[in-house]
Amino acid sequence: MSWAVPSAPGVQPAYYSQPINTAYTPVSIRPGFGQAYQSHQQYPYSAPANPPQPANTMSPPSDQQQQQKFDWPQSVRNYVQRTFQASNEIPGVAREEKEARLKEIIRSEQEKGTMFATNWDEMPLPQQLIQKERQQALMASVDPAATRGQAPSFAVTKKRKSSDFSESEQTNGSTVPWRSTKALSLEDRVSKPPNDKRQLMDGPLTGKSKFQKHVEKRQRRGDGGYQSSYRSPSPPPHSGPIVGMNAVLEKQYFRLTAAPKPEEVRPEQVLQQTLDLLKRKWRKENNYNYICDQFKSLRQDLTVQHIRNEFTVSVYEIHARIALEKGDLGEYNQCQTQLRALYRAGIKGNPIEFKAYRILYFIHTANRTALNDAIADLTTAEKEERPVKHALNVRSALALGNYHRFFQLYLDVPNMGAYLMDMFIKRERLAALANMCKAFKPELKLRYVTEELAFESDAEAAQFIIDYDQELLQERNDHIVFLTGKAGQTFENARAQAFSRVDLKGQI
Amino acid sequence: MDGLIHQFRAAYAATNGEQLAETLNPDVETHSAKLQAIWGRGDPRSMTSDLNFLFYQDQGRVRIRLSKEETNGWYAIYTAYWKAIGEILAVEGLRSDAKSSWARVYDAWKEVTLLTIRGYTNHDFENWTIPCLYVTGKYLRLYAMRADAERTLSNEDTAIDDLQDDFDPQAEEHKSLEDCARHLNRIFQTCASDRAPLEESRKWGVYYAVNLLFKTYFKLHSESLSKNILRVISAGRSDIPPIDKFPKSQQVTFKYYEGVLAFLEENYVEAERHLEMAWLMCHRTSQRNLELILTYLIPCRLLTTHTLPSAQLLEPFPRLQKLFTPLARAIKKADLRAFDIALRDGEDEFIKRRVYLTLERGRDIVLRNLLRKVFIAGGFEEAKEGAATVRRTRIPITEFTAAVQMSGGEAIDTDEVECLMANMIYKNLMKGYIAHERGFVVLSKSGAFPGTGV
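Top line first, the protein sequences correspond to chains F and D.
Residue numbers for the first sequence follow the UniProt record's numbering, so the first one is 1 and each next one is one higher.
Residue numbers for the second sequence follow the UniProt record's numbering, so the first one is 1 and each next one is one higher.
Looking at chain F on its own, in the form it has when it is part of the complex (with noise of 0.2 Å):
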């Protein structure tokens, strides 16, 4: 196993050898978009029916489609009549919404095995349905606590599609005449955002925007027993961060567009679990795309509700050390830069390790300047720490040219320091070898090529330098011997392009 658990003093976030948190809760099994879509469409008719069936009514579904084509049940059959009554009619609710609604249920139920179960008496009418879900719709859209508490496990998927989702229903229903959707994004996302933001928070509050108005003249128009079932919106005044509410430890990345949702949102318990899940996740699948996915949400959530303690120190040096094992260096730069100013407001963790990181970073990086004031950042007691030490020692090794105390440095790295040597090592060693066939004249043992170069073995040195040239090696009775009078600018000259690309991806 590559990983280094880091030997610093003090606090140790010893992330793998701590013992499973047992109070870790089962994650329920993210739908996809379509499942997540249809599920919101059920939800008001399926509420009010019958609890689930015992499995054994299910029969197959071909078996039963046949079946009941030609076996209505006379409930369904009143169901149906009572849907077309004049005196069941809604205005504004057109016939083909109401035809394509009832055959949906009916499916629905069919599929479901549960047609003879269900109470058909007590479902609710399609009309009906269509108006409490346009009512819904536009409520969603003006207060996202209205939607509160419907099944918050999706919350994210679910949120994005619903409130698409409500858009458009607006326009077809024109219960918005004023604004086409087009206008409504446009207008609220582009030109004035922070009253976009008001709405969307304060607005059923505040109950003076046009927009708000505009939603209870409709409440008013509905029918009086409708209105009591539904939910009145009372979300939290907002002052300051929000406070999280949603229990699922796992929660895939979406980038912000609005304000986050308090239940969308996990509070601090929540996420130390899930901290504990991922980090269990990590070790047993070691999916990084999962990994990274699952940590960028977690951060996220941190951010919103303003959480900067220990436990968010502890989260991104985390994700900090698996993407330096992974090589993510874009991932690795937003946590560093999140970890310097956390520590420097005070807050424990590691700093000695991260620190350290951050010099050998910017060796590779090459960016003086950034070296310079990491170099700034540190006091003097900590300039004695292993790890910094180390570090500030390789940085002039290199800027003294002294490759011998380099490549011993190499050998011996603190915590996973050596990911990030391993970056620029190839760089040094041509550095090191144009320096070699500069001085070292006629040859050189490619043992001690070897050994200065701290390459693992003979083979190894050998292919380097083969490589880039395969006259340079040459074989005598008991050794081989590299040619540095004959290797001219080849180093040099790979030296010289090796230096100029250096890779700033997600350099800060």
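Calculated from the structure, these hints are not laboratory results.
Note that the structure is predicted; figures quoted are calculated from it, not measured.
Note that beta-carbon positions come from the ideal geometry of N, C-alpha and C, so glycine has one too.
Treat the hints with care, since some could be wrong.
Stated by the list, open to error - FRET-style restraints, in silico, Cβ to Cβ:
#1 D:His221 to F:Ser457: 41 to 51 Å
#2 D:Glu437 to F:Lys326: 40 to 50 Å
#3 D:Lys99 to F:Gly330: 38 to 48 Å
#4 D:His221 to F:His479: 48 to 58 Å
#5 D:Thr414 to F:Asn309: 52 to 62 Å
#6 F:Lys486 to D:Lys427: 17 to 27 Å
Let chain F serve as the given structure and place chain D on it in line with the hints.
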């Protein structure tokens, strides 16, 4: 207000930019009484009516060419100026009726700055009035820094952008100054993009603005942005008047920053050129500026021509003396240990000035001097009959190892010494080659240590 506008008219009549800019000076320390007189009783209505009278009715009394457009521009500027004065007096504790903060001063002064810029873009201000832009920009920067300092002190939980995935630690620290940089950049653009013929062009304000921007960017640690400005200037060099036509103070500042930017990019030859120009032009009483220039010029010289500062040069600058003298002495004596100690003692200050990484390379010179001593101590080969004497050029590596060990004060193995010597050869500080298998260094018969006479 009356006095202010009279001053304004006088400056306008004389088309004297400096004098005009003086009317916008908000410096409380030197102009306390004047500012309080302008603020008066702090009554906006009487201020407006004063300005109305002075600008629109009373104009006939004094003959100055002031178009309607210009009048409107200046009217707005002085209104904003008056408001800013109110905030400044309040924050300085010179108003009993109100308190203020530097953040509010900054906002009020920003208004003055924006209106002044607008004067040029919308109200046909002429180019001789450019010093006004400089004054507003200069104080905008000062107030921005005070506002930032004030925020750091109060440490209040300022609004965090909730849409970000992570906190933005840098944005908070220099929020006002970053905002300020944007406005200063506008001033620069306003000057640089003027297409009027040169004698009427605002291009004469370019270096004013650039120097302000440099100061700001350095404070923000955004040297890359300074490079952008340099690029813009060199791209438009044919249009922009040559730098030596500008006041010396601006030339010195500009050359200094240009030199430091080159220095930070390790372009020491160019850095030396710019810094030397700044050094020669700098006024000899500007002690601080001279010291700043030398801080970078000395390390430059050390690397480019291996020149050490003389005691005479450093004498007027005790701080530099303390920093550089031990280093210079160690280099001269070829004393590795003394050099390491001197570098470590000055480390904090060197790092702060960003010369540490450059000075560190001075160790090569120490080492070169040391190896040269070994070479000279080696004496001469036994001269053949009739031929000139030659130095001994085949030197056992052990001799060098002994020297490095003595000078450095700690044990070192032969491999490392060979590595150090390989470096000397690689960097052309020493001529010759190492015969590793035989344990010899073979130095060049002529000029083994280039530039040192042997």
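Hints, verified against the model:
Remark: the range hint 41 to 51 Å for His221 of chain D to Ser457 of chain F is upheld by a beta-carbon distance near 45 Å. Glu437 of chain D and Lys326 of chain F have their C-beta atoms about 44 Å apart, which keeps the hinted 40 to 50 Å range intact. Our hint of 38 to 48 Å for Lys99 of chain D and Gly330 of chain F holds, since their Cβ atoms are close to 46 Å apart. Separation of His221 of chain D from His479 of chain F is about 52 Å and conforms to the stated range, judged on CB atoms against 48 to 58 Å.
Checking the proposed 52 to 62 Å range against Thr414 of chain D and Asn309 of chain F shows it holds: the Cβ atoms sit about 53 Å from each other. Lys486 of chain F and Lys427 of chain D have their C-beta atoms about 22 Å apart, which keeps the hinted 17 to 27 Å range intact.
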